[in-house]
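Asker: Given next are the chains, with one letter for each unit.
4 protein chains.
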Amino acid sequence: MIYCPDCPGILAQVTNFITVNKGNIIYLDQYVDHVDNIFFMRIEWALEEFLIPRGKIQDYFGTLIAKRYDMKFRLYFSDVKPRMAIFVSKMSHCLYDMLARYNAGEWDVEIPLIISNHPDLQEVAHRFGIPFHLFEITKENKVAQEEAEMELLSRESVSFIVLARYMQIISEEMIAAYPNHIINIHHSFLPAFVGAKPYHAAYERGVKIIGATSHYVTRDLDAGPIIEQDVARITHKDTVQDLIAKGKDLEKIVLSRAVKKHIDRKILVFKNKTVIFS
Amino acid sequence: MIYCPDCPGILAQVTNFITVNKGNIIYLDQYVDHVDNIFFMRIEWALEEFLIPRGKIQDYFGTLIAKRYDMKFRLYFSDVKPRMAIFVSKMSHCLYDMLARYNAGEWDVEIPLIISNHPDLQEVAHRFGIPFHLFEITKENKVAQEEAEMELLSRESVSFIVLARYMQIISEEMIAAYPNHIINIHHSFLPAFVGAKPYHAAYERGVKIIGATSHYVTRDLDAGPIIEQDVARITHKDTVQDLIAKGKDLEKIVLSRAVKKHIDRKILVFKNKTVIFS
Amino acid sequence: MIYCPDCPGILAQVTNFITVNKGNIIYLDQYVDHVDNIFFMRIEWALEEFLIPRGKIQDYFGTLIAKRYDMKFRLYFSDVKPRMAIFVSKMSHCLYDMLARYNAGEWDVEIPLIISNHPDLQEVAHRFGIPFHLFEITKENKVAQEEAEMELLSRESVSFIVLARYMQIISEEMIAAYPNHIINIHHSFLPAFVGAKPYHAAYERGVKIIGATSHYVTRDLDAGPIIEQDVARITHKDTVQDLIAKGKDLEKIVLSRAVKKHIDRKILVFKNKTVIFS
Amino acid sequence: MIYCPDCPGILAQVTNFITVNKGNIIYLDQYVDHVDNIFFMRIEWALEEFLIPRGKIQDYFGTLIAKRYDMKFRLYFSDVKPRMAIFVSKMSHCLYDMLARYNAGEWDVEIPLIISNHPDLQEVAHRFGIPFHLFEITKENKVAQEEAEMELLSRESVSFIVLARYMQIISEEMIAAYPNHIINIHHSFLPAFVGAKPYHAAYERGVKIIGATSHYVTRDLDAGPIIEQDVARITHKDTVQDLIAKGKDLEKIVLSRAVKKHIDRKILVFKNKTVIFS
Numbered sequence: 001m002i003y004c005p006d007c008p009g010i011l012a013q014v015t016n017f018i019t020v021n022k023g024n025i026i027y028l029d030q031y032v033d034h035v036d037n038i039f040f041m042r043i044e045w046a047l048e049e050f051l052i053p054r055g056k057i058q059d060y061f062g063t064l065i066a067k068r069y070d071m072k073f074r075l076y077f078s079d080v081k082p083r084m085a086i087f088v089s090k091m092s093h094c095l096y097d098m099l100a101r102y103n104a105g106e107w108d109v110e111i112p113l114i115i116s117n118h119p120d121l122q123e124v125a126h127r128f129g130i131p132f133h134l135f136e137i138t139k140e141n142k143v144a145q146e147e148a149e150m151e152l153l154s155r156e157s158v159s160f161i162v163l164a165r166y167m168q169i170i171s172e173e174m175i176a177a178y179p180n181h182i183i184n185i186h187h188s189f190l191p192a193f194v195g196a197k198p199y200h201a202a203y204e205r206g207v208k209i210i211g212a213t214s215h216y217v218t219r220d221l222d223a224g225p226i227i228e229q230d231v232a233r234i235t236h237k238d239t240v241q242d243l244i245a246k247g248k249d250l251e252k253i254v255l256s257r258a259v260k261k262h263i264d265r266k267i268l269v270f271k272n273k274t275v276i277f278s
Numbered sequence: 001m002i003y004c005p006d007c008p009g010i011l012a013q014v015t016n017f018i019t020v021n022k023g024n025i026i027y028l029d030q031y032v033d034h035v036d037n038i039f040f041m042r043i044e045w046a047l048e049e050f051l052i053p054r055g056k057i058q059d060y061f062g063t064l065i066a067k068r069y070d071m072k073f074r075l076y077f078s079d080v081k082p083r084m085a086i087f088v089s090k091m092s093h094c095l096y097d098m099l100a101r102y103n104a105g106e107w108d109v110e111i112p113l114i115i116s117n118h119p120d121l122q123e124v125a126h127r128f129g130i131p132f133h134l135f136e137i138t139k140e141n142k143v144a145q146e147e148a149e150m151e152l153l154s155r156e157s158v159s160f161i162v163l164a165r166y167m168q169i170i171s172e173e174m175i176a177a178y179p180n181h182i183i184n185i186h187h188s189f190l191p192a193f194v195g196a197k198p199y200h201a202a203y204e205r206g207v208k209i210i211g212a213t214s215h216y217v218t219r220d221l222d223a224g225p226i227i228e229q230d231v232a233r234i235t236h237k238d239t240v241q242d243l244i245a246k247g248k249d250l251e252k253i254v255l256s257r258a259v260k261k262h263i264d265r266k267i268l269v270f271k272n273k274t275v276i277f278s
Numbered sequence: 001m002i003y004c005p006d007c008p009g010i011l012a013q014v015t016n017f018i019t020v021n022k023g024n025i026i027y028l029d030q031y032v033d034h035v036d037n038i039f040f041m042r043i044e045w046a047l048e049e050f051l052i053p054r055g056k057i058q059d060y061f062g063t064l065i066a067k068r069y070d071m072k073f074r075l076y077f078s079d080v081k082p083r084m085a086i087f088v089s090k091m092s093h094c095l096y097d098m099l100a101r102y103n104a105g106e107w108d109v110e111i112p113l114i115i116s117n118h119p120d121l122q123e124v125a126h127r128f129g130i131p132f133h134l135f136e137i138t139k140e141n142k143v144a145q146e147e148a149e150m151e152l153l154s155r156e157s158v159s160f161i162v163l164a165r166y167m168q169i170i171s172e173e174m175i176a177a178y179p180n181h182i183i184n185i186h187h188s189f190l191p192a193f194v195g196a197k198p199y200h201a202a203y204e205r206g207v208k209i210i211g212a213t214s215h216y217v218t219r220d221l222d223a224g225p226i227i228e229q230d231v232a233r234i235t236h237k238d239t240v241q242d243l244i245a246k247g248k249d250l251e252k253i254v255l256s257r258a259v260k261k262h263i264d265r266k267i268l269v270f271k272n273k274t275v276i277f278s
Numbered sequence: 001m002i003y004c005p006d007c008p009g010i011l012a013q014v015t016n017f018i019t020v021n022k023g024n025i026i027y028l029d030q031y032v033d034h035v036d037n038i039f040f041m042r043i044e045w046a047l048e049e050f051l052i053p054r055g056k057i058q059d060y061f062g063t064l065i066a067k068r069y070d071m072k073f074r075l076y077f078s079d080v081k082p083r084m085a086i087f088v089s090k091m092s093h094c095l096y097d098m099l100a101r102y103n104a105g106e107w108d109v110e111i112p113l114i115i116s117n118h119p120d121l122q123e124v125a126h127r128f129g130i131p132f133h134l135f136e137i138t139k140e141n142k143v144a145q146e147e148a149e150m151e152l153l154s155r156e157s158v159s160f161i162v163l164a165r166y167m168q169i170i171s172e173e174m175i176a177a178y179p180n181h182i183i184n185i186h187h188s189f190l191p192a193f194v195g196a197k198p199y200h201a202a203y204e205r206g207v208k209i210i211g212a213t214s215h216y217v218t219r220d221l222d223a224g225p226i227i228e229q230d231v232a233r234i235t236h237k238d239t240v241q242d243l244i245a246k247g248k249d250l251e252k253i254v255l256s257r258a259v260k261k262h263i264d265r266k267i268l269v270f271k272n273k274t275v276i277f278s
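Residue numbers (our numbering), protein chains in the order written: chain A, 1 to 278; chain B, 1 to 278; chain C, 1 to 278; chain D, 1 to 278.
Isolated chain A (complex conformation) (with noise of 0.2 Å):
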């Protein structure tokens, strides 16, 4: 994935490099933002017959390339797993979605630990034989629970979180270390309803719409890069019970949308908004 400032000449440049070195395009996708003047683009090639060895492309191409053309970009090996930790509370319905699909192959990734701040759902991870690692987190304890988290998701290589109704706000330091890798789901339509309960919020205020938002974490609660939203109907019948319910289904859709983007590496984040590849 590539962005950079737009000018004539980039898409040929890049295609050109890949195909003169006999490589074989096999997916290309490029957005230019004509407000910034910012080219994007993500493009995949076959490395059977590449002349540049596979440990040679990222300085090579950031020499020849990206360098010209004051080009950000990222390399990545389709055969390389990202490897994904979920964090968890009480609520399983996001998690028994995630771990159904990885069980049944649909995901592309790894899935070596589940954290949790409550012991509730250690069943749940145990029924899919993936290690369970309680910290149960007080005021008086955060900052050594989080210290102790990251050097275990560390050991492990994790490389991006997934906060699956996680009911604990992260700290800085974690955001700071894996920047547009947490991806968290909120159950609203954000920036609708910001902050805890929003089923109690959207009933107050009558709306006929609910809606869920998975985005990447920064510091500024529930205001990060969104990944992906939807929305379902309710009416004046609708209890908060009903909306709740209804919500689960959509809060676990979309999470689910949003970590498959990632683990594809479809996602690119510019300007605290996200360029999602198709």
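Since the hints were made in silico from the structure, they are not lab data.
What you are looking at is a predicted structure, and each value in this text was computed from that prediction instead of being measured.
We put the CB at the ideal spot given by N, CA and C, even for glycine.
No false leads were slipped in.
Computed, partial: chain A to chain C, Cβ under 7 Å:
#: 1; residue: SER92
#: 2; residue: ALA100
#: 3; residue: LYS237
#: 4; residue: SER278
Here the structure of chain A is known, so what remains is to put chains B, C and D in place on it, guided by the hints.
Answerer: What follows is chains B, C and D alone, placed relative to chain A:
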């Protein structure tokens, strides 16, 4: 339409009252709000063989039923059409959508006049043969102009007002004169993006879904009872101009659905929320 | 749940019957089909102070009310949970979704067993501690195997069956034994793409929307009463594999919504269509 | 717009051709169909400093690029507006929706004429100042009338036709004269409910979702390449009349979206399916 504190037997009493007096019930929808313990009902019956004369139903029902149950009710006759005024400024999409429906006979309503603070849409009004009244509004003349508008509305026996992207804040006096009888369309999924320029705000925030909301106008800006909402999916490729274009389709459909519900007397307002009967 | 030919006074009679006998009505939804002139109603009341003993309600209501109005009705007690069997083959997504809900206590149901014609999902059943019964089916043994299945279902007092992507056609005998009590999920928006491989057919036809449909199984393939449908947008970029992946999310949500409605006894079938009470 | 068998280097070649000749690329969307191995691309560039004169681009590009890659392409100039004819019968909703957009300047198109087989909508055409041509059609005069229509269309340099609920089957001759240039709106989610009276069929089948489909007209009835579809939720309470009313909103929005895509030259037809560029 009826609402009152819920207690056993209300439904049986009301339906009995009609049946015993030889009214044939052709529609009934009821709902109990178990949080506030309120009973809501909308009931229609045929008057052909009804024993109580048309002019006395209000009195009889009020005395014999409503009083006993501390009931609020409104009685409408389906052969009396509501009279609707449309307020516009410069954008035509909502106005066209409503006039096309009116012209095609989709709505059981009279539209005796269109009011605007700009001359731009006079031409559209003329095409459909509806009187167009221009009330240009400045800081200085606002009070006087609104008084003139209200006199005109009263003279034309207007029963409710539709703000079809009318870009002026309605004064408290006018709101008080038409309580829950002024329908506005706001171009966001409220309560997100209250106020001016919601599409710009939506673009800035990077949402993946935009919306439109029709609501009754109250003294709190964009905070009145919501009648109808809908949303459309957008992507990072959509510019503010794209949002505005996609939003127009939402706005006109959402506004027209709300107006239709109001014309059909399917909306009851309770505690700043709407009950929308089926 | 009640239905009968519509005539004046039914609603008053039924609600009176309950109120007079000191039953407190806690839910009522009714609807009149003016084409066939049929009155439909679902009503719930509390039994605490009800004067008619639980065991005699069926008899009393049948004699005093139902007979007079040529009424069909079904009486359920909310403390008696339905018992549900799940039939699966090889795909796990619908099974996981249902078991996760069951486990989280979302559904008021018992699931005493899972039946399959393939061993693949035995592991999943075991994880959730639900007995898994394998009935491998060939042309030769089909009749005998279904008989054994039905004996098992009967022994376990199963009240309804859910086909969670079960890839075998159910025989007429079994359908007759569970009329409008076998729920299937079909992976298209019926009546489009009846039969096998609907995603391939959808891809071939170039539709822009795919869907899923849950319905009761009748003797006509994919033609039973529809309970719930939903759709998802696709583009020309989606391959058949993409449709299958997107479709899975639709299938599980649509099936679970239908099952929930059935468990809550909110569905009434009339003339191969469903009335879904609120 | 381009399509050709996919092979390495095409993208680089085409973008190079434009960049080298000092064309500034302002839009590019491409897509590879890996099933049929076809490369599709839509590209826009600014002509201000382009070295090849406007009149020779077709020739140069054809000779230097297209021939080498066995490429089909179409060249459009954004300052040449397409000319669109609207065919109507008696229903006004789609016509109004399109004329309102045309009038508000939403579409970059010319509408030189409206053709109808009934006089009913003459009044609407006059309101918008667009010539209305009545061609009443009987079994006897159909061939002659269509010939007259085609002469008129040709005289007016019409480039494409929109059937806005036009209730006549178009003859093969006319279809052949405007291949993939006649847009129809069908009032169902095709391929469900092909043919006449789809809302009646939808009611009869008891579906929970209705739809509308816009497609190019081909010789097979309702089987041409689908451009756009959308759906709306219904319930058992909706009568056929309700479906028709709800369907109208779908029809007009779906048709207008398709027409907009066509006007913007974003649609490419391949093997009876559409590629819709972003």
